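S.K.: Chains as they are written, first to last, in the working numbering: chain A, 1 to 254; chain B, 1001 to 1210; chain C, 2001 to 2658.
Keep in mind the hints are simulated off the structure, nothing from the lab.
Please read all numbers here as calculations on a predicted model, not as lab measurements.
Check before you lean on any hint, since a few could be wrong.
[Stated by the list, open to error] Mimicking DSS-like on lysine-lysine, the simulated pairs with C-alpha atoms at most 30 Å apart in a straight line are: (1) K2525(C) with K97(A); (2) K153(A) with K1183(B); (3) K14(A) with K1076(B); (4) K2388(C) with K1176(B); (5) K2618(C) with K30(A); (6) K30(A) with K2372(C); (7) K1183(B) with K85(A); (8) K1076(B) with K97(A); (9) K2577(C) with K54(A); (10) K2503(C) with K11(A); (11) K2304(C) with K97(A); (12) K54(A) with K2304(C); (13) K16(A) with K2515(C); (14) K2388(C) with K85(A); (15) K110(A) with K1183(B); (16) K152(A) with K1067(B); (17) K1137(B) with K213(A); (18) K2404(C) with K2388(C); (19) K85(A) with K1087(B); (20) K213(A) with K1087(B); (21) K14(A) with K2515(C); (22) K2518(C) with K30(A); (23) K16(A) with K2577(C); (24) K110(A) with K1067(B); (25) K2372(C) with K152(A); (26) K14(A) with K2525(C); (27) K2394(C) with K85(A); (28) K54(A) with K2555(C); (29) K1176(B) with K11(A); (30) K30(A) with K2394(C); (31) K2404(C) with K85(A); (32) K1116(B) with K85(A); (33) K2518(C) with K14(A); (34) K1067(B) with K153(A); (35) K54(A) with K2515(C); (36) K16(A) with K1183(B); (37) K2515(C) with K11(A); (38) K97(A) with K153(A); (39) K2304(C) with K152(A); (40) K11(A) with K1087(B).
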Amino acid sequence: MEHYNMNLTLKVWKQKNTNASGSFEIYQVKDISSEMSFLEMFDVLNEQLILEGKEPIAFDHDCREGICGMCSMYINGRAHGPWEKNTTCQLHMRAFKDGDTIVVEPWRSKAFPVIKDLMVNRSAFDRIIQAGGYISVNTGNAQDANALPIDKKNADDAFMAAACIGCGACVAACKNSSAMLFVSAKVSQLALLPQGQPERESRVLNMVAQMDKEAFGNCTNTYACEAECPKGISVSNIARLNREYLSASLSTEE
Amino acid sequence: MGLTGLFLVTFLIVHAGVNACIFINDGGATFNAAAHFMSHNWVIRIMEIGLFAGLIAHILQGLLLWKQNTAARPTKYAMSAANENSKWYSRSMGILGSLLLIFLVIHISKFFVGTKVAMYADGGANDASHNLYLEMKEEFQKWWVVLIYSLGVISLFWHLLHGFQSAFQTLGINHKRYTPLIKTIGVGYTFIICLLFLLMPIAFYFGWIQ
Amino acid sequence: MALNSKIPAGPMNEKWNDYKGHVKLVNPANKRKLEIIVVGTGLAGASAAASLGEMGYKVKAFCFQDSPRRAHSIAAQGGINAAKNYQNDGDSVFRLFYDTVKGGDYRAREANVHRLAEVSSSIIDQCVAQGVPFAREYGGLLSNRSFGGTQVQRTFYAAGQTGQQLLLGAYSALERQVALGNVTQYSRHEMLDVVKVDDKARGIIARNLVTGELERHFGHAVLLCTGGYGNVFYLSTNAMGSNVTAAWKAHKLGAHFANPCFTQIHPTCIPVSGDHQSKLTLMSESLRNDGRIWVPQQKNETRKAVDIPEEERDYYLERRYPAFGNLVPRDVASRAAKERCDDGYGVGTTKMAVYLDFSDSIIRYGKIEAGKQGNVNASEAEIIELGKDVVKEKYGNLFEMYDKITGENPYETPMRIYPAVHYTMGGLWVDYELQTSIKGLYALGEANFSDHGANRLGASALMQGLADGYFVIPYTLGSYLADDIATKSISTDHPAFVEAEKKVSDRINTLMNIKGTKTVESFHKRLGKIIWDKCGMSRNAKVLQEAIEEVQALKKEFWSDVRIPGAINEMNPELDKAGRVADFIELGELMCKDALDRNESCGGHFREESQTEDGEAKRDDENYNYVAAWKYVGESNWELEKEELNFEIVKPSQRSYK
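Given the sequences, and given the hints that come with them, work out the whole structure.
M.R.: So, in structure tokens, the structure goes:
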């Protein structure tokens, strides 16, 4: 891999706080190495801004290895930028070339209000999990782990759904700001496992109700979520959610 | 949305089937007989009410979705590369549906209302002599009517191309083995139905059928 | 006051049971009146907060991330150990206990380790009941794999995302308690001080990171589950936000800091590519099962790896350690890589990397596959293709990650790897009950020092975090709180809270008013370089003394020349970072001091003065068989208190991997 340096123009969303109105600012960065990660490029820019006496750009990030789900940038019109199955922190500058202009925006959704610049509030996801994204088992209640054999196929499917990192790229990419992929991943994981059966119906009804309450949009099956999901969560989970929801709605007595 | 959509999908099969009688090219005899049956059989008449109910429900659901989904993102993105992650027509069901609705209004006012007027105006005096086939033939001599119909069918094509498989997903049917089959059937269905509908005005216009 | 580790009397394998049988209990009606603060929501914090909430305590859980689910436990790849013996390969509580004490190079407290091994099995049960999707066999039962330095298969895993799945399990249990009203969650909050009333921890001062406001929170007890301090090195595999601040504040208020110099350097990480680098990424240890590590025999080699013929390569681990070869423990592998690079044999643009080569394995697997297919005349190209498929199946996701970060294809050209800071065995000193030397203040998980001695075995960090949170603290906390049931909630208007908040606010004001010329990041980088160069993989008295002076100078410079943009009463990530770096600088000094004091080599701590003739680590049990617990006295001033270690069961011996 040949390394190269580049000069870039960045068009970045700046917003002081949730209530302020924001706007784009234009920045120039020079001598960016193709080996840098996208966030390291932002580090360089922020260092430069601080030394110039200007406000650095606030953005969310933590593990920088693609698993914590904290980073969240909408880069050139795509959640987490141009690479497939990737988070912003794992995007590297060799995805760009000298002279490029890069537009960076925060996740846009009513349910994810902007906190500052590129940071958004994703606590709606926590509240959806609180509504039922768990198995009610107190510490110490468990039987021996191998007392409950689980079909490998189901276990593998549950794992694939559980790989969700809760970053919100699905919501960001969806034209309707729908959170169906996120919700369906958790519903699927638990519906596929025998441990999840006792609360199966109430879980799906409550989680969907909370999702609606948080003002996420509806799923219209464009599948943009799956295409932009850094962990490749499949939309077949959304179908499972629909199935679970329909059957629970029909059988509930309330 | 999926349920009403699939209901309308089945209607289209009947509608296209009956209308395809014109291609028998017998001066409209079979077609008129079929049309007469469809408009006079009481079972079909009751189903017709269901059809309108379904259509209205589909439209209302669509409007509700549009309202909720627009509200879910008050600030739009300045730059969007949505074509990288989804098909344009899957994102355009609202606009395609609206075009279809405009088309439907024209369509119904031309043919459906005509039939009803013949059946009930003046105590049904013109019912027996009403010839839907001739009416179609006449209408489709006008180039602009043919154009409107063609545009309507094109909208229908994209609407169905997404809608057919999407309805199954909404109803919770997504299966490694069956979904590819459903998708293939959906594409086949869309092509056949739309081709049939498209051929009708064109065939009359160019005089392929008499 | 001498440190009292409160190890229960009796035989090793009965201590914990006996303790549980006799520990004081708090009745349910009283639990409702008792408030507990849990800082940090990783494996230890989330599991503790959830379990205590279930028991009926009123819990407040704090994390600086935007959601508890993002704590850095999530990044653990490999697995979690448990003495289940599902594989019928002779595993037992005793063996797990033994391996952990030995792996820790005899610097851990036996009683704690034994308890850890005892509860390990319940952790797996609990996690499975929560719906954690561990890997399974076709029969539906749990799968195990082997992991560094043990002879049994006791590691449970969920592909390369075990930490994520375990944390999401604990997080869901926590969210359930939030929904039930037993736990209140404070995300984007950072603890900036402990509040002490009458010498007991009674609350914290936290900063709301969104608004910048300082908040006072009361608790009958405070649990610090705030992870390790690897970011003192600037570059580490820790998350960017991981910090020592909570533990450090506790330390400055009187909690002893134990064995700060014990840090684990993981041998297989993606090397640094340039000055801009912000973080290092681990490549799972499992790669050493099939990869061969080598450097060129010539210094300053300029040829590409594939162009260097076999006879000009130095497979230095196989050469030095014929018995264990590429599978020597982490500390040994790391030091050997450093030694080669320091001598000028390193590879890559920075020359600070060694090769991890899969070409032999690809050919070996390829031949086996060809054999299975009955293809006796397979061409070399065919064999390589078949072999690549096998390697892809085993390590595909890791190879992909490497490719993403470096832009190089590890199937074609060897990976470049270099050791990186990964875990810190040191931490707040705690007794058997996980209580620090401040009453009512507890430390769980990586934040405490207790279980891993001078070196942690693979797949044991997850085990310890969850053991502390699910199965230890719910019992041991009762011992303290049972005497505290009469204590009413203390108003946060109490002078102690007012004073603590003022202290925090003064410090923030001081930081903001420096208005110097250098960024926080630049100080952090410089600190990291000092600690890495002088208190890293290999240490000696001379450089450690230099390091102490350099860190002190850096501290002065920081407090007179740092520049923090923005304001106090708003979201200000630079201000957050400044507070953390200021604490790291102070910790850095203590680390060097501890490393200087411990004139022996043990586990991850290698003192050049204490090595065998052929350059291996040499422990000194006569003089250093203790936990170094440092008491903060004043600026740059600490007192060493020693907790002598007694090895009743596992008798110390010199490790050898020759």
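S.K.: Could you tell me which of the hints above the structure violates, numbers in ascending order?
M.R.: Hint check: 5, 6, 10, 12, 15, 16, 17, 29, 30, 32, 34, 36, 38, 39 fail, others pass.
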